[in-house]
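Q: Just so you know, the protein sequences line up as chains D and S, in that order.
Under the working numbering, the final residue of the first sequence carries the number 345; numbering is consecutive throughout.
Under the working numbering, the final residue of the second sequence carries the number 327; numbering is consecutive throughout.
These are computed hints drawn from the structure, not numbers from a lab.
Bear in mind the structure is a predicted one, so any value in this text is a computation, not a measurement.
Hints may contain errors.
[Claimed, not checked] Result set (SDA-like, lysine to any residue): computed pairs, CA atoms no more than 25 Å apart in a straight line: (1) K238(S) with I61(D); (2) K129(S) with A94(D); (3) K328(D) with A199(D); (4) K15(D) with P92(S); (5) K242(S) with T136(D); (6) K64(D) with F133(S); (7) K97(D) with F137(S); (8) K64(D) with R211(S); (9) K223(S) with I61(D); (10) K140(D) with Q130(S); (11) K144(D) with S105(D); (12) K15(D) with N222(S); (13) K223(S) with K214(D); (14) K64(D) with W319(S); (15) K129(S) with G96(D); (16) K238(S) with G48(D); (17) K223(S) with A199(D); (18) K238(S) with Y166(D); (19) K141(D) with T153(S); (20) K144(D) with A116(D); (21) K223(S) with G231(D); (22) K64(D) with Q130(S); (23) K238(S) with G84(S); (24) K242(S) with S126(D); (25) K94(S) with G62(S); (26) K97(D) with K238(S); (27) K242(S) with G231(D); (28) K129(S) with A116(D); (29) K223(S) with R67(D); (30) K140(D) with K238(S); (31) K144(D) with L211(D); (32) K140(D) with S132(S); (33) K238(S) with L322(D); (34) K223(S) with K328(D); (35) K223(S) with A94(D); (36) K223(S) with E195(D); (37) K64(D) with S132(S); (38) K238(S) with K328(D); (39) K223(S) with A165(D); (40) K64(D) with G62(S).
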Amino acid sequence: MDNDTNPLLSIRNLKTYFEMDEGTAQAVDGISFDVYSGQVVGVVGESGCGKSVTIKSVLQIVQKPGRIVGGEIIWRVQQADGQEKLIDLAQLDAQGKKMRSIRGSEIALIPQEPMAAFSPVHTVGSQIIEAIRLHTAVSKKEAKRIAIERLHEVGMPSPEQRMDAYSWELSGGLRQRAMIAMALSCNPRLLIADEPTTAIDVTTQAQVLNLLRKLQQEHNMSIIFITHDLGVIAQVADYVVVMYLGRIVESGPVDDIFHNPQHPYTMALLESIPTVHSASKEFLPTIEGSIPHPFNRPAGCPFYPRCRSFIPGTCDTQTPSLQPVNEKQSVNCFLHHQTAVEKQN
Amino acid sequence: MLQYIVKRLLLLPFLLVIFSIFAFIIIQAPPGDFVTSYIADLAASGSSVDQAQIDALRERYGLDQPMHIQYLKWMGRIVTGDLGFSLDWRKPIKELIAERLMLTVLLGLFTFVFTWLLAIPIGIISAVKQYSFLDYFFSVFNYFGVATPTFMTALILMWLAFSVFGVSITGLFSPEFVDAPWSMARAEDLLRHIWLPMIILGLDGTARLARIMRANLLDELNKPYVEMARAKGMSEWKLVIKYPVRLSLNPLVSTIGWYLPLIFSGSVIVATVLNLPTIGPMLLRSLTNQDMFLAGTIVMIYLFLAVIGTLISDILLAWLDPRIRMG
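One chain only, chain S, in its complex shape (with noise of 0.2 Å):
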């Protein structure tokens, strides 16, 4: 097991290099910098430039030089954890996002908590009682959950809460406290704000695990180990839990690891339409900006997490199944 684990950890930079280089290519793939992006903003707003100013900010952000050497450069300042500089935000990058991200993390916890919290049970109860009427209510609910763009959900909501209750339940702080040092207040504040975009979140991957858990026990619950425990005169729920879920929950598990950077891509739309400050909304701001640095910082960190939660769930699968850890 721990030859397995320092095995996949060794892997990690490699995969991580490999990732770098594609992130870098792909924030570069559209034609033009960030300067062209920003020339194109001041003439908009009817000043220009001239072309003296231009070569400067080009040199001023190494965006002259060739391709592979800027991207070295950026290695080189990420390796020592200078992230660098945002064009855009003219803020150094971990100032700006430091916080942005934890919330986002924060947020992608609670949402996955109450996404497996939610959906295994569900999944549970409607493969053991298949047909019955819970399978169906759930079943119909599951497919409200999955139709239903979690952008949507997050405007009815809001809709409701304000039309009903007289609330503006956007941004994940009240007003009083969006720019104030951390403080136990500050974190009952948050603690109280979280809960609803933790649901609209929550509720489209709960659909989507219910019916894989469901569909998934299915499966294990015909099988002869099942019999076998029934006929040894384990009681029903008992053996269901035992053997056919803990079966059929290893499949699950190997999904963390694209569920963790699902969670920050997926929120994009809803933290937009809900205000959240969290990362979503940066990294679409930078893209649109052509803030280089910044854009790559944040797909860097989703690489990174993907990475990571592929390597959790491996060895989660690998502690949970012994055929994996063995074989």
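In isolation and in its complexed conformation, chain D is listed as follows (with noise of 0.2 Å):
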């Protein structure tokens, strides 16, 4: 078994739509990726770009109208008697047997909000509790141990006394540290965390973000790291996806996409960056218009309305797709690759 040369989770072509009265909003419109064991993948895009429906596509808890229309997530199984196995967790059935012992066991989710995303009238080591007797046959007694156990090992001060606490007595930190072990709780290979400092202090982000690399060394996991950060992205990511508008713009390894980006969405996200470089007292460079909205994305590349180094007749008629440009990076642009019109003459 080669961990370096199987992904643990592929995902290819992915299209996760929602149908509604107005329109069909292509969410997720046929997206690539590959996540490697003990990896750190960090998807980065703005609000609205498909970032979270990719991930809630990979557990199958897309809401409805969503739906998943086409495409693979294929998920490497190891079985019992040491094969590997792979299944396309797009064909299962979102609420059936299989992919409800894989949500929450092997791929566990830590969400945006956890003032939310815990049940105010459960205690917390109730809610973790739960968790483990879901995936494990294991008394109650000794799932409280382990919750406990979890706890501990995310830094929860007294974990035994916080058992019983109720998520709105914990501060945002704490809670967050919580949620942390809760998605632990079953030794998940792949943890998926869905913008999982937006809802906390800076300095609390930082203790979040420390203790996340951590857990994923000692625990050998994976990571979807989904932000809009792209400081924090340049903290914990291996590997970066830059989404925009539902597709990928811009793939390839953190030092490549830091210092040598591609596509002209990638720079210009980083240039809005302000470094302790940047003269004082000016403006910050910006892209230029918002986000199409989803009912009226523009024909072509969905980025050409506001790219800098729009090609008339090009970009805002055929649709670039995502190829690489060199060993590591793949880019989404007509800037480095034919069109489809150049490769037939």
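Put the complex together from the two separate chains, hints included.
A: Right, dumping it as structure tokens:
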């Protein structure tokens, strides 16, 4: 078994659409990326670019009327006899036994708002115990012991007492730690963190990020880390996927993305981050315009109306695809590869 | 929790005193008193009354004294357990209302259980399967339930029962049991009659409650904790019942308080139509005849029930929701 060559999770041409009376929103429109064992994949993009829908598709918890309409989500399972098996999660019944046995145990979620993600009328402990007992046949007492151990592991002070606390009695940072403890409770192989630091303040953010990094190394987990914060990505990710309007515009190792961005969107994003070297009292560069409405997606490359390298006659008529530009990076842009028309000639 | 209950219980007597003052004022508010309407009755039947007799009557019932003295005397008797004498029925009030009160509470409880057992599942199904056939079906059913006055339902069902089955379904007892002392046979007879008023009174409440439950649950179903429970791998129905249903019940529990007296007063018309031996029609008659002690007693019982109902729902809510218990 070679962890480096076989991805743990392969998303291939995933399409998740929301069919509504007003039209179809193509929230995720044919994206592909891999997550390898022990790797942290950061997914960045503006609000509404389809980051959250992507990971909800992986977990099969997309809310109606959203639906996976195409593509594959290949999950590599290790069976008891040491053999490996590939399962296409997209084909499983979302509420079926098989999917539920993977959800929460092999693939766990850390949600965006730890405050709202715990039930306010159940104790934190009971909700962690519930997660453990859903996937492992242990007694209540044993589950409680595991839960306390997990809380201890995520740095919860006096975990025994916190078991009986309600989520609204905890501070933001502790709440997110409790959430992480719950996600870890069944030793997942893949952790999906959906903007886990958005709802907490900056100092606590750093603690939570360090904790996630530490746990990831100790458990040799993979993490898909969703955020709109490039600073956070630089801190935690090994590999970066940049999304725009339901598509991947660029992907590559974190160092290459930050030091050698290829797509105009990635470049523009990076330029709009203030650095310690930037001149003070000067406006930061911004990306002109705003994301088009999903019902009103422009023809051709979805980014062309805001792109400064827009090629008239090409970008607004044909749709580019994600193609490698060097050994490490892939870019979805006509600046880097031929159009279909050129190929025919 | 215990401290919370004790605190609420200590408040109870104060509330009741305030309510009793209001009850007394309201009952005294219409011009004239029982003697006035008594004289009017006599005059209507042709006999005349002289002034001395009127004064004697007034004095006997203490109606010639100022209002606050009357109130204090009335309260003094109530506290010692003497509910007074019905001027109209010429019987002690306690004797008069004991059985009616019991039957009213019984009918209320039956209706309450029926309403909740029907409305909560309907609300849950309508919300979880929003915009499905069942949801629309229940919506139509609910609108009929809300829009049809209960006495109308009562009349229709009575007519149906009479024209189709040839049975008269008024009252809570068969004729031979109306005045009979309590026995197993009488209790059985009661159960055979009580279901119809229970359904008539319950349908209206069911429709309302199911709509509220549906709306509450729809709000909760999109909360992140539901998604989180799903992401944990719980099965859909199990998580819906355990989390969002539990939370959407909380606002309903707090309405039990005013539901209790509502059953009482809401059933007046239905009870009149169906000729039920409950307390509603008696209140109506006592008010038209200005039978002040009887009306006062019944209104006090209503208020007492409202207070008790609120207390029960507050305790239930505190027990269900830790945010209230500890906040």
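Q: Are the hints correct? Go through all of them and say.
A: Going through the hints against the structure:
1. For a cut-off of 25 Å, the pair hint linking K238(S) to I61(D) stands: about 16 Å separates their Cα positions.
2. The suggested pairing of K129(S) with A94(D) holds, with an alpha-carbon distance near 16 Å, which does not exceed 25 Å.
3. Note on K328(D) and A199(D): the hinted pairing is violated, with a Cα-Cα distance of about 33 Å set against a maximum of 25 Å.
4. Restraint check: the Cα-Cα separation between K15(D) and P92(S) comes to about 79 Å, which exceeds 25 Å; the hinted pair is violated.
5. Distance hint between K242(S) and T136(D) is fulfilled; the C-alpha atoms sit about 20 Å from each other, no more than 25 Å.
6. Proximity of K64(D) to F133(S) is assessed by CA-CA distance (about 17 Å); at most 25 Å being required, the pair is judged to hold.
7. Distance check on the hinted pair: K97(D) and F137(S) sit about 31 Å apart at the alpha-carbon level, beyond 25 Å; violated.
8. With a C-alpha separation of about 22 Å, the suggested pairing of K64(D) with R211(S) holds against the 25 Å cut-off.
9. The straight-line distance between the Cα atoms of K223(S) and I61(D) is roughly 13 Å, inside the 25 Å bound, and the hint therefore holds.
10. A threshold of 25 Å between alpha carbons decides the hint, and for K140(D) with Q130(S) the separation of about 36 Å lies outside it, so the pair is violated.
11. In summary, the hint linking K144(D) to S105(D) is supported, as the alpha carbons are separated by about 17 Å, within the 25 Å threshold.
12. The straight-line distance between the Cα atoms of K15(D) and N222(S) is roughly 23 Å, inside the 25 Å bound, and the hint therefore holds.
13. For the hint linking K223(S) to K214(D), the alpha-carbon distance of about 30 Å lies beyond 25 Å, and the restraint is violated.
14. Annotation: proposed proximity of K64(D) to W319(S) is violated, straight-line Cα distance about 34 Å (limit 25 Å).
15. A distance of roughly 18 Å separates the Cα atoms of K129(S) and G96(D); the hinted pair therefore holds under the 25 Å criterion.
16. Among the hinted pairs, K238(S) with G48(D) is inconsistent with the structure: their alpha-carbon atoms are about 31 Å apart, more than 25 Å.
17. Between K223(S) and A199(D) the alpha-carbon distance is near 16 Å, which keeps this suggested pair within the 25 Å criterion.
18. Restraint check: the Cα-Cα separation between K238(S) and Y166(D) comes to about 21 Å, which is no more than 25 Å; the hinted pair holds.
19. As the CA atoms of K141(D) and T153(S) are separated by approximately 55 Å, the hinted pair breaks the 25 Å bound.
20. A distance of roughly 23 Å separates the Cα atoms of K144(D) and A116(D); the hinted pair therefore holds under the 25 Å criterion.
21. Simply put, K223(S) and G231(D) have alpha-carbon atoms about 29 Å apart, too far for the 25 Å limit, and the pair is violated.
22. The straight-line distance between the Cα atoms of K64(D) and Q130(S) is roughly 11 Å, inside the 25 Å bound, and the hint therefore holds.
23. For the hint linking K238(S) to G84(S), the alpha-carbon distance of about 55 Å lies beyond 25 Å, and the restraint is violated.
24. A C-alpha spacing of about 12 Å is found between K242(S) and S126(D), which places the hinted pair at or below 25 Å, so the restraint holds.
25. Our distance criterion of 25 Å between C-alpha atoms is met by K94(S) and G62(S), whose separation comes to about 20 Å.
26. About 13 Å separates the Cα atoms of K97(D) and K238(S), which keeps this hinted pair within 25 Å; it holds.
27. This hinted pair does not check out: K242(S) and G231(D) have alpha carbons roughly 39 Å apart, beyond 25 Å.
28. Straight-line distance between C-alpha atoms of K129(S) and A116(D) comes to about 23 Å, which keeps the hinted pair within the 25 Å bound.
29. The suggested pairing of K223(S) with R67(D) holds, with an alpha-carbon distance near 19 Å, which does not exceed 25 Å.
30. Distance hint between K140(D) and K238(S) is fulfilled; the C-alpha atoms sit about 18 Å from each other, no more than 25 Å.
31. Taken as a hint, the K144(D) and L211(D) pair is honoured in the structure, with Cα atoms around 22 Å apart against an allowance of 25 Å.
32. The hinted pair formed by K140(D) and S132(S) fails the criterion: a straight-line CA distance of about 39 Å is larger than 25 Å.
33. A distance of roughly 42 Å separates the Cα atoms of K238(S) and L322(D); the hinted pair therefore is violated under the 25 Å criterion.
34. Restraint check for K223(S) and K328(D): not satisfied, since their Cα atoms lie roughly 40 Å apart, outside the 25 Å limit.
35. Simply put, K223(S) and A94(D) have alpha-carbon atoms about 19 Å apart, close enough for the 25 Å limit, and the pair holds.
36. Annotation: proposed proximity of K223(S) to E195(D) holds, straight-line Cα distance about 17 Å (limit 25 Å).
37. Proximity of K64(D) to S132(S) is assessed by CA-CA distance (about 13 Å); at most 25 Å being required, the pair is judged to hold.
38. For the suggested pair K238(S) and K328(D), the alpha carbons sit about 46 Å apart, so the restraint of at most 25 Å is broken.
39. Proximity of K223(S) to A165(D) is assessed by CA-CA distance (about 20 Å); at most 25 Å being required, the pair is judged to hold.
40. With a C-alpha separation of about 71 Å, the suggested pairing of K64(D) with G62(S) is violated against the 25 Å cut-off.
Hints 3, 4, 7, 10, 13, 14, 16, 19, 21, 23, 27, 32, 33, 34, 38 and 40 from the earlier list are contradicted by this structure; the remaining hints agree with it.
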